[in-house]
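J.: Chains H and X, in that order, are what the protein sequence lines are. The first sequence runs contiguously to residue 487 in UniProt numbering. The second sequence runs contiguously to residue 487 in UniProt numbering.
Simulated crosslink set (DSS-like; lysine-lysine; CA at most 30 Å straight-line):
1. X:Lys135 to H:Lys52
2. H:Lys202 to X:Lys272
3. X:Lys262 to X:Lys324
4. X:Lys184 to H:Lys327
5. X:Lys22 to X:Lys37
6. H:Lys37 to X:Lys7
7. X:Lys266 to X:Lys208
8. H:Lys221 to H:Lys416
No lab work stands behind these hints: they were computed from the structure. Quick caveat, the model's predicted, so the values are computed rather than measured.
Protein chains: 2
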Amino acid sequence: MSSFSPKSFDPLVPESFSEESKVMVDFIAEYYRNIEKYPVQSRVERGYLSEKLPDTAPYGPESLEDILKDVSDSILPGLTHWQSPNFFGYFQANASTAGFLGEMLCSGLNVVGFNWISSPAATELESIVMDWMAKMLKLPSSFLFSGTGGGVLHGSTCEAVVYTMAAARDKALEKLDGNENITKLVVYASDQTHFTFQKAAKLIGITKSNFRVITTSFSTKFALSPENVRAAIEEDIKAGLVPLYLCGTVGTTSSRAVDPIKELEKISREYKIWFHIDAAYAGSACICPEFRPYLDGVELADSISMNPHKWFLTNMDCCCLWLKQPKFLVNSLSTNSEYLRNSATESNSVIDYKDWQIVLSRRFRFRALKLWIVMRKHGSANLMYHIRSDVATVARDHRFEIMVPTNFALVSFRLKPQLESISSELNRKLMDAVNSSGHTFMTHGVVGGVFYIRAAFETIMTKERHVDDLWKLLQEKAQILLLHYLN
Amino acid sequence: MSSFSPKSFDPLVPESFSEESKVMVDFIAEYYRNIEKYPVQSRVERGYLSEKLPDTAPYGPESLEDILKDVSDSILPGLTHWQSPNFFGYFQANASTAGFLGEMLCSGLNVVGFNWISSPAATELESIVMDWMAKMLKLPSSFLFSGTGGGVLHGSTCEAVVYTMAAARDKALEKLDGNENITKLVVYASDQTHFTFQKAAKLIGITKSNFRVITTSFSTKFALSPENVRAAIEEDIKAGLVPLYLCGTVGTTSSRAVDPIKELEKISREYKIWFHIDAAYAGSACICPEFRPYLDGVELADSISMNPHKWFLTNMDCCCLWLKQPKFLVNSLSTNSEYLRNSATESNSVIDYKDWQIVLSRRFRFRALKLWIVMRKHGSANLMYHIRSDVATVARDHRFEIMVPTNFALVSFRLKPQLESISSELNRKLMDAVNSSGHTFMTHGVVGGVFYIRAAFETIMTKERHVDDLWKLLQEKAQILLLHYLN
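Start from the sequences, fold in the hints, and give me the full structure.
T.: The structure is reproduced here in structure tokens:
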């Protein structure tokens, strides 16, 4: 191949673009058609791929056919199939045809919308879609552009937490008159809060000993206890520290627990702490009137985020963040450069989303296109139907001991042994046995020292038979294990 | 529509997925075919889109046909067409068929590869592709996994700078024994360095008065002067401050200036400062032997980043970051949670990329797939050909006064008036006249107080005729303006 010598080169020709893209579409459709044939969790050994691929890039071009053959032979066996109807781990990555179409269009247009002028449609569609979503969730107008607030699309809650925490920090430091006070700032969340919370605090320079991770327990269904939060704050104030930021979660990752938003907000107002609501997972459910009460009290929060890529049929990645006072975010994250100066920005009449995030050049400013297509192609009626049928799946089942009260569409359960002391070992073995069968994939959690199995039923292609198969498999493997323990 | 009541709902069915995706492929191909018909810079007025779209999401589903009609009628007119052959602003967003195919596959598989176990192929392909790219750039083995270092794919240089700066900060604070020393840390870059540098420093808690933005001038072709860097460091040390991080750029955004890597590295070693090389733009060019000398001295750097989405035919977004000691990044960014625990991680024998970044759940861990397809489908021969033909385009032209020595494929020029005092005004008017014609789009820069126009020739669909048309248009508009000034 090293004799290859290009005379001309056209990397983007509409005709071959169209032809080859359709080959790829068929390849992906075929993957979905066959997805149940693969073991859900990949069985490859560490380092398997470097034995299959050459150790340098090719000198001359290769055909799409050859590349797709390698995807089939070498990549697919190394995947854990998140879209499989038998995948019940973490949460399902919410692929849908609509989400995929949105991704394609976004990728095809490949515009970079860091400021208004660089693509007005990207900025304006984002504002519109953020208001659409806020209205679906019945957020108060203080979070809407059509009201007095505003929102932005990020890739993940991690970003939403980093940016709002930085905004809170800078607001506080300005008041405290000096960066050296950064060591006094304290942040609060529960032991069920997504670990991104601690990561964010570390990144923005909060002292590690000032992360308050408040213990939860079965008695509050693993939700934050307002009394404990208040006690921690009081203690910090007495010690001369400055309470900065409190994160409440609606639907925690481990157990889908819901923190008492109303009471936490009261506390955050009293102590003038930034209150952020992380509704990454359960935010989607709150489009249904019956789940909306979980957000009651949101009026008093400073910011709230939820992820359409979790349970809203939007392909990865997509996170909505709304703020009551976006100016604090912009104060923290805006900077300017001569080559970005333009009259629209200088008129102060447009949004430049680059000032709502760290990253400048990203096509993902046009994530709005994806979310817009998801909302239109499904309609809110279907989206509510989708949430409700997942919840109904869970409600039907009463097998095994439920460890954590079932919220939304996650079942947290364990096989209950006669001897409590072997419970964690037994259940870990049960999960491993089920996962290594290749028929399904689940993950686990630990509360109060007790190991439990998580089965997440936010589904795309999962049907009743897949759920039945899951319980059958669990029972079968449990029986084998129990026999072993009896002997 | 509010009477719509779903009885069943399947958001992902392989057959309709395939059919509708092909409709979208044709839509995008048609967009490319007609791209020259649109004004390059959008001419919409602020707020145009909210007048065209309803203010809430629909209740029932809408057809793809209706959605695409709205894209044509409402979205396309609001775009600035980054893929247009007449787009010479910022840099072109490097779309290619290969890049698009990679995006599609990544989006279709929709796996989340935050740790090895969640999709081994995603992690392993990323390590392999990072080594492939490092070898193309002839990076020393101290940056390769097959050597003693390693790399990771991020979305943008902004992330690379935030994370490496946080790693440097935590490494320094550990030595200094206490977070309160954060106010002593100082970071260094030139006034040509991407503004992400200051944004990153602010985010991770560096005191604003400790950002050293070192002035450059025409005499060094807008590159950092090692003497000035050294002087700034010495002064800070005398003042009791702690030099932390120095960023050198290979190909700055404004003018493609190249900092003297070798000399900066000597300084950073002497003072034990983290040295990062930002080769976002020109890194791609360094795959050609004739440009590789710009990276000479890279051996001594702590980290280096370059963006395949800038000049390597990779659709947004994609940034390669290599580190000599990835452990410092991992020390800063790793956290763990029970539901992510697994035996592969605990064996310490696999990479968990979640610990190399802030974000946990992102499909973009599989960006590797895109870059892999780009490298294979083009081959390094075509990629070098691509770089060289862009550079040749620029070398052919000697019209207008070149303001900044031409580096790579950017021309920085101005129309030189007889009266120097009207130069900036005249050139701003010239750029506005050319841009508002709709036939082309360029941006500008300012050096030493003088306004100049930037024409970026990193091209995809641009042919010789587009370049000729650009210069003709410039001459025509310049003549009109000069006549006006004479009268």
